[in-house]
Every structure is written in structure tokens, then in C-alpha cells.
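Number of protein chains: 2
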Amino acid sequence: MPKIVEQWLQKVLDTMGHRTTVTRSQIMSATKLNSASVSHTLQFLLERGIILKVGELQSKAGRHQDVMTLNPEAGYFVAVVLESTRMRFALTNFVGDIRYRWEADVQLGQTLQIREIVAGIEMVLRNLSEVQRLRLAAIGISCPGILSQSGGVTALNLGWKNISLTPELEEIFSLPVYLEHPTHSAIRAERWVGLAQGVRDFIDVMVGHVVGVGVFSNGRFVGGRDQMAGEVGHIRIDPDGSDVCRCGKTGCLEAIVSSPNIFRQYRAKTGLEGSYSGGLRVTDVFERARRHETAAVEVPDRVTRYLRLALSYLVNFLNPELIILGGDLITAEDLLLPSLREQIAANTLPDFVKNLNIAVSRMGLDIGLKGAASLAFRTALNHPEVLKNMCRLVVELHSHSPAVEGSSSVAS
Amino acid sequence: MPKIVEQWLQKVLDTMGHRTTVTRSQIMSATKLNSASVSHTLQFLLERGIILKVGELQSKAGRHQDVMTLNPEAGYFVAVVLESTRMRFALTNFVGDIRYRWEADVQLGQTLQIREIVAGIEMVLRNLSEVQRLRLAAIGISCPGILSQSGGVTALNLGWKNISLTPELEEIFSLPVYLEHPTHSAIRAERWVGLAQGVRDFIDVMVGHVVGVGVFSNGRFVGGRDQMAGEVGHIRIDPDGSDVCRCGKTGCLEAIVSSPNIFRQYRAKTGLEGSYSGGLRVTDVFERARRHETAAVEVPDRVTRYLRLALSYLVNFLNPELIILGGDLITAEDLLLPSLREQIAANTLPDFVKNLNIAVSRMGLDIGLKGAASLAFRTALNHPEVLKNMCRLVVELHSHSPAVEGSSSVAS
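If you read the sequences in order, they're chains P and R. The opening residue of the first sequence carries number 51 in my numbering; numbering runs sequentially from there. The opening residue of the second sequence carries number 51 in my numbering; numbering runs sequentially from there.
The following block holds chain P by itself, in its conformation from the complex:
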């Protein structure tokens, strides 16, 4: 067996992680590796059961080409999504299928408890056999706030301060733990299995409790100097506006279009009692707008005015071919989307919308988990020691998978 250069392994696995099935020549053209390197690497991976032959193609010259795919059970990942009011956990296989799921509530504004995250991870690991447990490769976490280089988390608006997330979990589970912002996770998920497969320039706009934009340009994340690119919540979209933002300024995008502020504007118009986390939710405001209740109609109108202005700026600065809308916006697709394209056009040059698609994310609640699993897979490939560990074990073919896909348990 010739020595397998880590770079070859990384490139071949990265290519195979993007496609369902591939041939040797497709891998050569995607990785730019030469014929011998690809052959050696494929042989190495086939012998270990990390990839599988799943068919043949006949070429014009009459020769057969093997069709290969990742062995879905070659490895497992834990995906974790931390949100302001909810923690989500999943065990995924090597290709990101969710095998087991667990969720738990988080008290808004209280500090994050590492022991609750540990308990959640343990819940989804229960079904793995000893042998499968050895093939657990990494933990990927989608987490809001400011993420430090050393794996610490601070989200002041959520009451999370200097939580040493990565170091503690790495010690407890003896696994590499990778951490990423939800806007990046969303980008990964949409690129992997969502609307942005093969799209090189797009933005992912999430409007919910907060507002975030993931920027993907020229086939890469745009992170900026401090990985804060796309944190658009506090642009002063209405500099003369009176909406007071939690950051202390007025007229911020988040102070107008986020879910708590949609609710606030509706309450101000109606004199209604109650708070955002109380009985009435933002989806109820949209529902009342659909029934043409005047106060409820005016709120989405104002929200779209500023949302389209922000989107038109993003479109001008970045010239994407696709905008994906996610978060609570999804529940108001019928109210917000129909005129959005022409409204953006009215705020920019026609050339910018000529090739622009606007779509609502179809990934639902899975988006964070899929993104976190993708983070674990992709980052593991870039860490030689993790990559080696993933390829160390010979995977028993046709091994029993831990649970049927789709089965899940949700905490009430």
C-alpha cells in the first residue's frame, strides 16, 4: 500500500461529501489530482470500507468505470444547535442523515449550562454500539454570539458570558469539537442539501429573535476581519426612526424587522397587553394580517419596507445570484415574498435583479443540525490527526445502523 498523502484523502473525501455518486474521472477533474494519486487514495478508502462501489458506467470506448459513494455508516457526527430558547441535538451518519434527535428548552436570558449540553449529547449517543462509538469523528456546534478562537462563547443579549464551551466538551467526550455561528451553519446546510447546491454567490437571511445574514461569495464564506460579516442587525436602516434597539441606538434593522419587534409594533398599534414570549406570537400577527386586520397589515408593510431596503443594499454590495430567506420569515412567505423582487428592483439597478432568485428556505428546523453536521465533517477533513483517526478503522461493511432515519425523540 503506497503512502497516502493527507491532502489526497482530504480532497477526495471533500469531493465525495458533495455528490451522491462519483466516478474516478469525476474525482480527478474536481480535485485536480493526477490519476495515480486518485487511484491510490480510492483503493485505500475502499479497503477500509470508507467508500463503497455502488455501480458501473460504460464509457463510449466500451470501458467500464466504477461508481463510488461514501459509506454512510463509515463514521458518525454529533450535531448541536444552541438557540436563545432551545437546544437541539442530533446523531448523524457520515453523509449527514439524522439518525437520532433530542431537544430541550433553554430559559431565555439564563446562562448556558454545560452539563445540559453534555446530557443532550449523551441522549443521542445512547443508541451507538461500542464499535460504532469508535467511529464517532467529531462534534459540530452552531452557536450564536461572539465565538472566541479558544472556543469560548459570549452572547450578552442571551445572558451567556465567557462560556468555555469547546475545551470542556472536548475533555468530556475526547472528541474534536467545532463551533460556528448560525449564519455560517445555515450557509453550509443550504450548500450541502438545500437550495444553494452548486451556487457560488448567495446570501442567507435569517430573521427571527435576531437578524443575521450569511454571505457566500465566489464559492467561499465571507467572514471579514473578525468573522462578523453579515451581522446586519444593527445597521441603522432608518436613521431618523424612533424604534429603540436593545443595542441602545435607534432605527436599527433588528429594532424593526426581528420577531420580538414585529410583535412590539403590533402591540403598540393595538394597545394589547402581554409580551413576546407570552401567549401571542409573531405568527399570530401574520395570521391577523391575512384576515386584513388593519393594525396587523400595517406591521408587515413596515417590516417589508425596511427589509427590502436592506436586501437591496446587500444585493448591490455583493451581487448574489440567490437570496435565501429563513427564520420566522418563513411563516409569512405569502405576505412578504410576492412583491419582494420588484421592491428590490425599485431600490437598485435592473441589472442586479436580472439574474437574482429569491426563495424561502425549505430546510425547516433541520437547517442548524445539518449545518453543524457539515461543519463537523468538513472541519475534520482539515485536521490531519482527526482525518487519520477517521481512516484508521476498517469499517465493517453492511454494519447495522444505530437507528432508522426519521425516528426521533423530542422533549416536551
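No lab work stands behind these hints: they were computed from the structure. Incorrect hints may have been included.
As the list claims (entries may be wrong) - With the Cβ distance kept under 8 Å, some of the chain R side facing chain P (calculated, not the full set): (1) Ser267; (2) Arg275; (3) Arg286; (4) Thr398.
What the hints assert, rightly or not - Derived DSS-like pairs (lysine-lysine); straight-line CA-CA distance at most 27 Å: (5) Lys299/R - Lys404/P; (6) Lys211/P - Lys404/R; (7) Lys82/P - Lys103/P; (8) Lys438/R - Lys103/R; (9) Lys438/P - Lys103/P; (10) Lys404/R - Lys299/P; (11) Lys438/P - Lys82/R; (12) Lys82/R - Lys61/R; (13) Lys61/P - Lys61/R; (14) Lys82/P - Lys438/P; (15) Lys211/P - Lys299/P; (16) Lys82/P - Lys438/R; (17) Lys211/R - Lys404/P; (18) Lys82/P - Lys110/P; (19) Lys82/R - Lys61/P; (20) Lys110/R - Lys82/R; (21) Lys82/P - Lys61/R; (22) Lys61/P - Lys438/P; (23) Lys299/R - Lys211/R; (24) Lys299/R - Lys319/R; (25) Lys82/R - Lys82/P; (26) Lys82/R - Lys438/R; (27) Lys61/R - Lys103/R; (28) Lys61/R - Lys438/R.
Claimed, not checked - Some chain P residues near chain R, calculated using beta-carbon distances under 8 Å: (29) Arg275; (30) Met278; (31) Gly280; (32) Cys297; (33) Leu364; (34) Phe367; (35) Leu399; (36) Asp401.
Built from N, CA and C at the ideal position, the CB exists for glycine as well.
Dock chain R against the given chain P, drawing on the hints supplied.
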């Protein structure tokens, strides 16, 4: 002589084009090529006189390392800058020093005449000897408007329509011709010899006859789906504003902050006669503001209000570590820059300005020419046939350079 793989040549020359002097081990670490590949490539380039040994370093182990640099006379480029009212031409050597320069006026609003561009290029080529002429590698052009894949140019606001620039010049000069937008040229120039050397995330804001932003993120250009990213002139920065833009909308950024519109706003306040291209220029408005003439002071105040708003959006979306301001803004550095940083801070989160530098470009009128020369050099490296041609000739060492740097001729 072993076969030199084009990729090796490309990587080594690309690295050397970024640094003044380099050692073999610095090239290895920058290119990620192995020792043998780098040695072969350097030997090949040294034998042909394309790179030169210019010194030695002693390492800790007592061994000597050669220090090498590009031979400045190994090749020549023509740099061309097309502007709304001016054409600039330069002959540059292999490292971008301007050897000879020519300029000519363009009538604003009249179509671009290829024969005038040809005449300008011929002006700067006159001083090359026959031998040097053979080492002319490529022509780089910085040009506004919409640049088609086939090298055509359309800039409707300048009266330029479907001008087949690249194909015609390539036929006349039998040289590869590369075309790029001025915002990209500016980025290249600042990266090469300006304020952005080694900076991975920055934006270059040019305000003059039009407004353009070059976006560089994660060590790469951000172009977008149709290479229109950063064309920020027509974002509606004041949606309720009455400034009529040449695009037909109102409240566009360009309708407020571009030079003709700075002049327009001043004229409206003073009832002054005359037009932008007449006797009074935008620099005169700034000069009157310095003398505290009320109407003149109000105009820069309004300009900075909307400029800082646009910059705060850019900073939020892209999280750059540096903003470079260029164009006519340079002449008003004292009026615009002092409070710009705190004004941006007031429109965004403090974290975004913590690591943000704002500076005025120091490159003056050379910026476009340096950018076009860099375009020619970098693009030539990516075209195997041009690269081969550049390396085909053995360069006579200590060859006479065509003209002393700095000598130039400017048409009146």
C-alpha cells in the same frame, strides 16, 4: 533540464511578484511546493535571467541561503486607464515600475475611439528596442462600464456602446489584452504597492464622477454573479430624498456624493451659473468650505452624512479591517476624514470599528496604471501560452532599460 510544470512557474512567479526579495524556503512555504519542484523552477528562471540572485542569508545552522528577486527588465507590460475625460498609458517593467507615460483627453460623452487608444499605446512603446519589444508580455486595461466576456465595453452614461476593445487591440498588437473594472484595478494596486499590502479584508471606495467600491474579502476579490458587486452608486441611501439620479430614481448614493452632484448641490444653494465641467470644480467647493462659506460647508456635511451611512452598511456586511478612500475624496481628506470613524461607529456596533482602519489612498493618479500593470502580470501567469512565451526568451542580464523611471510625457 527537467520539465518545468506550468503550475510551478506560475506559483513561484506569483509569490515573487508580491515580495521584494525572497529565499528558497520562503517560496516553499508560500507555494506549498516541495523542495525539488522549487529548486527546478528557480534554476529554470535563473538560467533565463527572469529572476536574479541579489544576496545571501546565513541561517542558524551556518548554511547560506540565496536571496532572489524578479529581474525588473525580464519583461514589460502596457498599462492603460480609460476614464470619462482622460486616457492614461504607461509602459511598465516586470515589477510594475512605470518607465514611460502618456496621457490624452477624452471628450466626455463621446464614443471611445480605438485608434486613439492604439496611438497612446504606440506612444509608450516607442522607446523599447527590438530586443525589449520581444519581451513585451501583455496589455492590461482598467475600464469603466459593463465589460463583456468577449472583451467588449458598454458605458451608456459615457456614450460608449458595444466597443470591441480587446479583440481589436489583440489583433493590432499581437499581444494578450486583459480588461478589468477600475474598482478591481484599484484593489490590485493597493494590494501590490499601496496601503493594503498583506491585508485580507478591505474595501476601496472611489468617489469621483461616479461612485464605486472594490471589495476584497478573505484574500480574494468579491465579484458576485455578474461581477457587479460593489457597484454601490445606485443604492437608495435616502429613500425619501429628492435628488434625481441619472438612473431615473431618486435618493441614490451617487446622486448625493459624486463630484458632479456635490457641485450641483452647491450650485443649487448659491444660484450659481455654470456646469460641472465648466470653470468651477468640486475641489473649489471644498476650498470654499475651508473658508467657512455657509453654502459650501453645508454640502460636505450632507455628503458625509450619506457617505458614512453607506460605509457603515458596508462595514456591517463585510467586516473589513481597512477602508481605503480614493478619487476626488482625496482632495477633501481634511473635511471628510477626521470624524468619519466616530460617525461610522455611531451607525453600527462598536465591535465593527475596534479593528477598523480608515485611510486615504496615497497612490494618486498612478493607482489605475499600477492596477492595470498588476492585472497584466497576474493574468499572464494564469495563461499557460503567455507564461511560456514570457519564459521562452533568455533575458540578457544588465540590459539597458528603456527609460529612467519617473521620466514622463503628458499631453496638454
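Does the CB of leucine 399/P sit less than 8 Å away from some CB of chain R?
-> With Cβ-Cβ at 5 Å, under 8 Å, it holds.
Distance restraint between lysine 438/P and lysine 103/P, which requires alpha-carbon spacing of 27 Å or less | Between lysine 438/P and lysine 103/P the Cα gap is close to 22 Å, so the pair holds against 27 Å.
Is lysine 61/R within 27 Å of lysine 438/R, Cα to Cα?
-> holds (14 Å)
Keeping to a limit of 27 Å between CA atoms, is the pair of lysine 299/R and lysine 211/R held or broken?
-> holds (22 Å)
Does the CB of glycine 280/P sit less than 8 Å away from some CB of chain R?
-> holds (6 Å)
Hint consistency between lysine 82/P and lysine 438/R [alpha-carbon to alpha-carbon, up to 27 Å] = With a Cα-Cα distance of about 21 Å, the restraint between lysine 82/P and lysine 438/R holds, given a limit of 27 Å.
Lysine 82/R paired with lysine 438/R [C-alpha distance capped at 27 Å] = holds (22 Å)
Can the hint on methionine 278/P be confirmed by a CB-to-CB distance to chain R that is less than 8 Å?
-> The hint holds - methionine 278/P has a Cβ within 8 Å of chain R, the shortest such distance being about 4 Å.
Hint check, serine 267/R versus chain P [nearest Cβ-Cβ separation less than 8 Å] | holds (5 Å)
Is the hinted pair lysine 404/R and lysine 299/P satisfied, with a Cα-Cα distance of at most 27 Å?
-> holds (18 Å)
Agreement of lysine 82/P and lysine 110/P with the hint, judged by alpha carbon distance not exceeding 27 Å = holds (23 Å)
Identify whether the interface hint at leucine 364/P stands, where standing means a beta carbon of chain R within less than 8 Å of its own.
-> This interface hint holds because 6 Å falls under the 8 Å limit.
Violation of the numbered hints given earlier is absent; every hint is satisfied by the structure.
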